[in-house]
Structure formats: C-alpha cells, structure tokens
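Chemist: Next come the chains, spelled out residue by residue.
Protein chains: 4
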Amino acid sequence: MSLTCIAVVGPGEGASEEAVADAELAGRLIAERGWALLTGGRDAGVMAAATRGAIGAKGIAIGILPSADKANASPDLTIALPTGLGEARNAVLVTAADAVIACGMNPGTASEVALALRAGKPTVIVRQSAQVDSFFADIAGSAPLHVAGSAEQAVDWIATRTSAQA
Amino acid sequence: MSLTCIAVVGPGEGASEEAVADAELAGRLIAERGWALLTGGRDAGVMAAATRGAIGAKGIAIGILPSADKANASPDLTIALPTGLGEARNAVLVTAADAVIACGMNPGTASEVALALRAGKPTVIVRQSAQVDSFFADIAGSAPLHVAGSAEQAVDWIATRTSAQA
Amino acid sequence: MSLTCIAVVGPGEGASEEAVADAELAGRLIAERGWALLTGGRDAGVMAAATRGAIGAKGIAIGILPSADKANASPDLTIALPTGLGEARNAVLVTAADAVIACGMNPGTASEVALALRAGKPTVIVRQSAQVDSFFADIAGSAPLHVAGSAEQAVDWIATRTSAQA
Amino acid sequence: MSLTCIAVVGPGEGASEEAVADAELAGRLIAERGWALLTGGRDAGVMAAATRGAIGAKGIAIGILPSADKANASPDLTIALPTGLGEARNAVLVTAADAVIACGMNPGTASEVALALRAGKPTVIVRQSAQVDSFFADIAGSAPLHVAGSAEQAVDWIATRTSAQA
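Protein chains in written order, with the numbering used here: chain A, 1 to 166; chain B, 167 to 332; chain C, 333 to 498; chain D, 499 to 664.
Isolated chain A, as found in the complex (with noise of 0.2 Å):
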C-alpha cells in the first residue's frame, strides 16, 4: 500500500510567523507518523517550514509545483514535481491529498481548503480567526472539516480519520 499523504497548505511569501511555526511542527508530525508530506514546493513561508519539519524527523515532503520547471522549489524536498499548470496545481494538490491541514491564510489558501470540502477530504484549518472559522463551517455542509487551536490538535484528528478509513 502506497503511503498516507497529507497535504499543509498556506501562504508562501507573507506567511505569519505563526502559520510558519505551526506548519513546521504539522510537517514534523506527519513525518512522525510514518505519513509522505504534500506541499505546493516553492521555497517560502508554510511551505517551506513543512517541508523542514518533515525532513527534519526523516520523513518524505513531496512539492507539486505550480512552475514547469524546479527553480522555485525548497531545497529540502525529497521529491520535487513541476507540474506547469499554475494555479490548477492547487486543485491538483488537494486531489492528491488524503487530507488538507491549513496554516495561515490568504487567496490561494482559501482556494485550497475550498477545493478540499468540495472534495470531501478530512480538512483541518489551524489556529485561523474566528471569521475565517465561520467561513468555512458554514459552506462545508456535510465535509468533515475540523477546527484546530495547534498543529498537534489538527494531525491528531487526521489520525483519527485515516485509521478509520484503513
């Protein structure tokens, strides 16, 4: 069986010195679980902070990247995949995913934890405002969304998902 993967998603230049924080000890947890980690690949804020929590306990980190080619890509990565689609890569990025964990947020993160309820995959948004927790509980209907105050909190419900599921 091929590895449970979870995608962190968030901002990339910009990010809050929080969602970097929680995105580095998400990617770290992930790895921990014996779990590949999915990041959109470039070289800043969420997503370069979990590629190095995930390397950092010897995991997989994963970039789907929206550039065709890997001049943009962390370093750190294990794997790093140019899919030349832009922004569709968002999609992509979620579809891959067996669950989406969000830290921090803005235009493209939004788009992929929308894309994440609208394909029903176990969606945790992190320590976000009370407004951006509204926002998205009122559109998830009936996707399993999850309100998390830590990183611990968000891959700790995840667990509880995909156990369930295997």
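Some hints could be false.
Sample of chain B residues at the chain D side, in silico, Cβ under 7 Å [unchecked claim]:
(1) ALA234
(2) GLY250
(3) LEU251
(4) GLY252
Here are some chain A residues the structure puts well away from chain D; computed CB gaps all over 10 Å [what the hints assert, rightly or not]:
(5) GLU13
(6) GLU18
(7) GLY56
(8) ALA71
(9) ASN72
(10) GLN131
(11) LEU145
(12) VAL147
(13) SER150
Hints were generated in silico from the structure; no laboratory data involved. Here a beta-carbon is modelled for each residue, glycine too, at the ideal position from N, C-alpha and C.
With the hints as your guide, set chains B, C and D onto chain A.
Modeler: Leaving out everything else, chains B, C and D in the frame of chain A:
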C-alpha cells in the same frame, strides 16, 4: 479583438432562488453589454440560469465543463467545452475570464472567488452574507474585489474596470 | 444545442506554407458548415491561419491558450480563453473538440493527434508524409482516424461522422 | 537537493511482454541509480511493471494518476498521487520528470513522448519499431531524443545527460 469574457460562478444543485435570479439577470446584462458569458457549463443552478439570461438576450454563452463530455452541459450554451479536468477546471474558468461575478456560495464557488483574487482578476460577490463579504475582503489584499448588492451593480462595476483597461 | 466544435491543430512558429494554407481553408470550411472553430489560440502558424479562415467566413473562432493571459492570442479570435495550463492545454483542447484536424506536424501537434486518438475523437491528418500517416494508422487501433489529402476532404469526412452522431 | 525523477511510460492494458520486461528492468535500474521512478500509476502494463522493478530494488516509485482517487493505483507504489485531470495528467507526468523512457507504444504513450520532446526533456524510446523510431526522430528537431535497444542503454544514456546537468 476578442470579446470581453465575464464568468458568472455559483452553486449548481442547491443554489438559492436569489442566487439563481441574480445569475440570470447578470447573464442578461453581460450579453447586453456585448460581452461573452463564461460559466462552469453544467445544467444546474447558477450556471444554467446565467446561461439562460445571456441566451435570452441573444448573447454568447460558453461553458467550461469539469467532465470529459457534454452529457451534463446546459442545453442553452452556445459553446460547451468539456475539459476532463474535474475541479481543476475552476482554475481554468477563472483564468479564462476577464472578470468574475459570484452569485451564491458553496465550496466550489469559494474556490473560484479565491482563485480569481489570487489571479488579480476584478471579482464581484453579489448579495452575500456579511460573513462572506468580510472573509473575502480580509483576504483580498490589493486584489480588486467589489461587494455588490445586485447583479446590476456587479455588471456596472465591471464595466468601469473593463473600460479602464481598454 | 451547443455548436459542434472542430479543432484545427498544427505548428505555430515554423509551420509550412502548405500547412498554413490547409489550416486557413479548414477554418473557412468549418465556419461555412456552421461549426465553431477551436485552436490553440496563439497568433502564429496554423492556429492563426485557421482563425483567419473561420473569421473570414463570418464564423466563430475560439482559442484555448497555454498562457495565463491573452498577450500572444491571435487578434482575430472571437473568444480567447487563457488557461494557464502550459502544454496540458493540449489535452483540454482535444477534450473540448468534437473532432480534430491536424495540418503540419511537430511534437506539440503529435501530442494533440495522439490525445485525440486516445480519447476516441474523430481525427483527421491532412497532407502528412507517408511516415506520419503510417505511424498514426498503426497506433490508432479502433480510434476513428482519417488520412486526408486536402482540407476539403478532412471537413467532408468529419461531416459524415458528425451527422452520424446527431 | 531533491531526487532526480525519471518517468517510465508505456501502455497499460495491452502492453506487450517485451515492453513489460523492459519497463520492469528500467524501474530497477532507475532505483539502483538512486533516482525516483515516476509512472502514470495505474495497476496495469508498463506502469505496474516499472513500479515493481523500482520497489524490488528498494527504490521510490511515485504514480501520477489520471483519476481523482487511488482505486486503480498500483499497490506497490510508494506514493500514489491522484490528479483528477484525466489525460491532461500525461502533460503533468512529463513536466514533473527530469527525463522520460518509453517502453511500448499506443496513443497515450505517443502523447507522452511528444510532450516530452515539446518540453525539451531527455527522452528515450526503447526497442520500438523502425517506423516509431523514424517518426519521433523526424519531429524531434533539437530535442534530446535517444533511440535505445534496451532498458540498460536507456538508463545509461540518461545518466550521461543527468550528470551533464548536475
């Protein structure tokens, strides 16, 4: 010069009566301006209503479908374009549009509004809740987001943006 | 019912005079049949020629561009649809078409003919070399491939296929 | 630095015994070089054989699937990445690869070889017919195409190209 293309996005199944009415009017007003209408193409909800509005005003309506065939296409479309991309077609729809109008809200629609803001496209959200308005206003940053109380306001605002570009 | 959409594909820069002439005629004949023309949209070679032909016959020409903007679009297009997908737009172009006509050959064109055969679309290769004819005939299997000596033959053959479907 | 990723492409159902044997060996040799294997991911033909070869040599095998779920994924894959893109995933697979090896031929495979040449990727066709060799040699132009008589030759040639880049 090719026609200005305005996307009207919103829920398919489960669209509210209000969103359907707004979409139909938006489709009509887009056609009356001499613009082409883009939608997600399916024969449901906001997509079908906007298409009816545009075709009723003798406009051109183009559907960019998630499926690989035309089985679920709105029969009123001038042009039905199956993409086979699944939900990644949301990114294509937004990239193809000169501006985006959202009537109603669900995860798919949220992904389209977010991707439009990400791409810096003029984006209008029509008669949404205060929570939806605030969420997108907060993440929009410098992207050109407009909060409109009606389809007329939405199309009028886009006209000011489009003429400024021309 | 939406219009039948026929894609004309072929080289951009570096297209032969013969391929350009065939594409322009194919575009005209497609428009005269009341069909919409699809192309890769760029202002070069076969794409531009087919578009000129269709527009000269008062038809509709739709360009499905690899880029995320309209900067390189043929100015004659009725509708220019940037996708931002890079070369993955070749798959979208073929999926969106009811049938595909190839004038001239290069790697991009070969990918489109191959994807059209993969999808089982009626596919015509026009005035190609004996080697190109044999290559595609060998891989086509049960896919509906037609080898044509002229644009007229290509469009006539598609007409027999399309009416059979209707 | 992320791992060098080599795609092995070829028919799924209907693959010849020769293509399957070549793919399995190519997968093994790729793993023995310390590279990651990319395939189209399905549990059939060349994709499944290359994956078996790489995993048998304790390598990493990543499948980039056309479907939106893992139902048809090869069970041996280290990582299965559903894309939901349908045949547009052929373009993603090629874009993600540092080099491409084709064992066997059908329309899907032809599209991948053509897209690899279009992208200027080092591309090897293994034990094809003289007609297939000539077709791709004729359209390759300046793209780095290699005609190989065995999987060993294919991987050896890629090694010379990859070290030249490093």
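Chemist: Each hint should be assessed against the structure and marked as holding or not.
Modeler: Going down the list of hints, with the structure as the test:
no.: 1; hint: ALA234; in the structure: holds, 6 Å
no.: 2; hint: GLY250; in the structure: holds, 4 Å
no.: 3; hint: LEU251; in the structure: holds, 5 Å
no.: 4; hint: GLY252; in the structure: holds, 4 Å
no.: 5; hint: GLU13; in the structure: holds, 21 Å
no.: 6; hint: GLU18; in the structure: holds, 27 Å
no.: 7; hint: GLY56; in the structure: holds, 16 Å
no.: 8; hint: ALA71; in the structure: holds, 12 Å
no.: 9; hint: ASN72; in the structure: holds, 12 Å
no.: 10; hint: GLN131; in the structure: holds, 30 Å
no.: 11; hint: LEU145; in the structure: holds, 19 Å
no.: 12; hint: VAL147; in the structure: holds, 26 Å
no.: 13; hint: SER150; in the structure: holds, 27 Å
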